[in-house]
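Keeping their order, the protein sequence lines are chains A and B.
Using our numbering, read the first sequence as starting at 1 and increasing by one per residue.
Using our numbering, read the second sequence as starting at 1 and increasing by one per residue.
Bear in mind the hints are in silico, worked out from the structure with no lab data behind them.
Every residue, glycine too, gets a C-beta built ideally from N, C-alpha and C.
Careful: at least some of the hints might be erroneous.
Now the stretches of chain B that chain A is said to cover, found in silico as 3 or more residues with beta-carbon under 8 Å [said to hold, decoys possible]:
no., stretch
1, 154-165
2, 213-219
So the derived label-pair ranges between C-beta atoms look like this [said to hold, decoys possible]:
no., chain 1, residue 1, chain 2, residue 2, range
3, A, Arg-107, B, Trp-217, 16 to 26 Å
4, A, Arg-107, B, Ser-272, 39 to 49 Å
5, A, Leu-66, B, Ala-145, 39 to 49 Å
6, A, Asp-133, B, Val-225, 26 to 36 Å
7, B, Val-80, A, Glu-74, 33 to 43 Å
8, A, Glu-141, B, Ala-261, 33 to 43 Å
9, B, Trp-265, A, Arg-136, 18 to 28 Å
10, A, Ser-72, B, Gly-263, 56 to 66 Å
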Amino acid sequence: MSGSNEHGGTGAALAPLLAVRDLTVERGGRIVVEDATFSVGPGELVAVVGPNGAGKSSLFSALLGLIPSSGSVELAGAFAYVPQHGPSQLSFPVTAFDVALMGAYRRVGLLRRAGREERARALQALERVGLADRARSPFGELSGGQRQRVLLARALVQQGSVLLLDEPLSGVDAVSEEAIFVALAAERSEGRSALIATHDLAFARGRCTQALLLNRRVHSSGLPKEALTSVTLRAAYGERLVVLEDLGLIDEGSHHHEGEHGHEHAHEHGRDDHDHGQHGHAH
Amino acid sequence: MGVLHAFSYDFMLRALAEVALMGVVCGLLGVLVVLRGLTYSGESLSHALVPGAAIALIAGLPVIAGALVGGVLAAVAIAVLLRRPDVGEDAAVSVVVTGSFAAGVVIVATRGTPRDLESILFGSVLSVDGRDLWVGLASALVVTAIVVTLGRRLVLVAFDRAFADSLGMRSGLLDALLLVALAAALTVALRGVGTLLVLALLVAPAAAARALTRRVWAMLIVAPVLAFASGVIGLELSYHVGVAAGPAICLVALGLFAVAATGTWLRALAGSRLRASGMVAR
Chain A
1 MSGSNEHGGT GAALAPLLAV RDLTVERGGR IVVEDATFSV GPGELVAVVG PNGAGKSSLF
61 SALLGLIPSS GSVELAGAFA YVPQHGPSQL SFPVTAFDVA LMGAYRRVGL LRRAGREERA
121 RALQALERVG LADRARSPFG ELSGGQRQRV LLARALVQQG SVLLLDEPLS GVDAVSEEAI
181 FVALAAERSE GRSALIATHD LAFARGRCTQ ALLLNRRVHS SGLPKEALTS VTLRAAYGER
241 LVVLEDLGLI DEGSHHHEGE HGHEHAHEHG RDDHDHGQHG HAH
Chain B
1 MGVLHAFSYD FMLRALAEVA LMGVVCGLLG VLVVLRGLTY SGESLSHALV PGAAIALIAG
61 LPVIAGALVG GVLAAVAIAV LLRRPDVGED AAVSVVVTGS FAAGVVIVAT RGTPRDLESI
121 LFGSVLSVDG RDLWVGLASA LVVTAIVVTL GRRLVLVAFD RAFADSLGMR SGLLDALLLV
181 ALAAALTVAL RGVGTLLVLA LLVAPAAAAR ALTRRVWAML IVAPVLAFAS GVIGLELSYH
241 VGVAAGPAIC LVALGLFAVA ATGTWLRALA GSRLRASGMV AR
């Protein structure tokens with residue numbers, strides 16, 4: 001990562017796979033990402049951390065070229081993608097294998113059936129996420145964590161150089177989280193890297209090589225333990241945030257409940273630069 | 001000759017050709033419409049065929065051609081409105097549809113006969129002529145071509161729109177093409193079952209196929225077969241029992257769906273009983 005991490009980053013010595021400079025994204029007349037600059041080297045796992053509405057999904061959409069943006073994005077290879085909101089209906093008649101194979105769509109094309117090579121690749125990807133034995137299961141009959149792993153397998157089949165994972169750990173149990181981490185580690189050992197949007201600070205601090213703290217602009221970036229401190233997190237989230245150091249959770253939501261006034265003392269510190277109005281809009 | 005006796009008449013053979021075309025297009029499109037969650041748009045689009053059909057009727061042009069033009073225009077209008085988040089899917093469709101349906105009924109009621117209106121609303125498969133079949137065949141070819149070339153993309157958009165977009169698919173354009181194909185399919189079915197009943201032939205075979213199969217490609221085979229079978233059985237019933245053909249076809253389609261759904265439900269029930277009693281290892 002550029003900036004704060006020129007001495008310590010695992011990817012800093014190698015040419016970056018992804019170099020983003022001054023990326024600005026406007027949505028509905030509002031700037032949602034402003035002047036984001038960072039780079040990702042081969043084998044890196046980059047946590048993108050920030051409150052809801054901080055622009056994490058917009059950043060990914062802009063990188064994928066789905067929404068207009070200004071600035072420069074240099075990418076060696078291609079992106080693979082796991083969207084934040086997965087398939088709309090669970091009753092859709094597809095198996096885990098069918099879903100994984102969707103990642104080969106671009107190579108297979110319009111009319112041809114996927115060849116033996118692509119089918120082998122889809123099975124291999126399911127194996128990598130630990131679901132080879134569920135290949136023939138209907139997608140809708142899998143657990144939430146397993147479905148997330150199938151969507152990761154689909155992204156692996158895309159064979160991109162940089163994976164963009166939009167909150168793949170939300171609502172996922174420990175077994176699936178571990179399986180996702182193991183699969184990503186295998187990918188990284190082969191020179192690919194991943195950006196993972198997450199609210200899980202323990203994961204970001206303990207398992208990622210880099211962190212990007214985002215709330216419209218990049219508040220801090222670099223080694224996770226340096227980029228995600230209580231000071232930087234408070235700056236990015238505003239005073240509403242209580243960092244539970246031991247658990248590593250960002251406890252943002254509890255402050256929105258009415259009648260829970262434990263956060264009020266935080267305002268005594270007098271930082272007025274965050275928007276008090278957000279408080280009312282949250283629910 | 002037994003049951004096939006009915007088809008020794010020319011009008012019955014033309015009716016048979018009509019239900020074959022109708023079965024293929026409604027079966028195929030029904031699967032995509034159900035998977036994409038556009039059933040409501042399908043119903044609405046069928047109502048939107050009415051003004052085009054009415055104008056053609058008054059002008060002495062083929063009813064089916066007028067319906068096709070009206071349907072395609074409505075499909076494009078719905079596709080455009082679907083992209084406006086401030087309007088919303090249901091509201092968008094209602095606006096297009098109710099207006100055009102009312103206009104169509106007014107036109108037929110003032111310039112046509114009650115029989116004309118009945119034929120548009122409930123179909124008249126036994127009076128299908130050669131011209132209807134040619135237009136129907138052309139529409140059927142267009143629909144089949146769209147499903148064969150774009151089917152995989154349409155399914156991917158239906159399953160996971162955000163991922164499809166990330167692959168560079170133009171999901172808005174694909175929605176529009178699906179709606180245009182749907183308009184063509186509904187036009188084919190206009191002479192067969194009419195605009196008020198066509199939804200049954202669109203949705204029931206697809207839903208039955210969904211109950212009977214576990215893969216999209218299997219649905220795409222089973223649904224047209226069921227839709228065609230509904231047509232043939234409906235015609236037989238109409239001929240031998242003397243009931244109106246259009247409603248008979250739709251009732252058979254719904255009956256087949258009921259049988260498929262009940263069968264699947266019973267099988268699931270039996271399966272869970274067996275597993276519960278430890279007779280089947282899983």
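Is it true that the C-beta distance of Asp-133 of chain A to Val-225 of chain B lies inside 26 to 36 Å, as the hint says? holds, 33 Å
Is 39 to 49 Å right for how far apart the beta carbons of Leu-66 of chain A and Ala-145 of chain B are? violated, 29 Å
Would you say the C-beta atoms of Trp-265 of chain B and Arg-136 of chain A sit inside 18 to 28 Å of each other? holds, 22 Å
Cβ distance range 56 to 66 Å for Ser-72 of chain A and Gly-263 of chain B, holds or violated: holds, 59 Å
Ser-272 of chain B and Arg-107 of chain A - C-beta distance against the hinted 39 to 49 Å:
Given range 39 to 49 Å: holds, Cβ gap about 41 Å.
- Within the stretch 213-219 of chain B, is the number of residues with a Cβ closer than 8 Å to a Cβ of chain A three or more? With 6 residues closer than 8 Å to chain A, the stretch 213-219 of chain B meets the three-residue bar; holds.
Point to revise | Cβ separation of Arg-107 of chain A and Trp-217 of chain B, checked against the hinted range 16 to 26 Å | key: With a Cβ separation near 19 Å, Arg-107 of chain A and Trp-217 of chain B satisfy 16 to 26 Å, so the hint holds.
- the stretch 154-165 of chain B covered by chain A? Criterion: 3 or more residues, Cβ-Cβ distance below 8 Å. holds (count 8)
Quiz item: Is the gap between the beta carbons of Glu-141 of chain A and Ala-261 of chain B within 33 to 43 Å?
Solution: violated, 18 Å
Open item on the list: For the hint 33 to 43 Å, verify it against the beta carbon of Val-80 of chain B and that of Glu-74 of chain A.
Closed with: holds, 36 Å
Hints 5 and 8, counting from the list given before, are not met by this structure.
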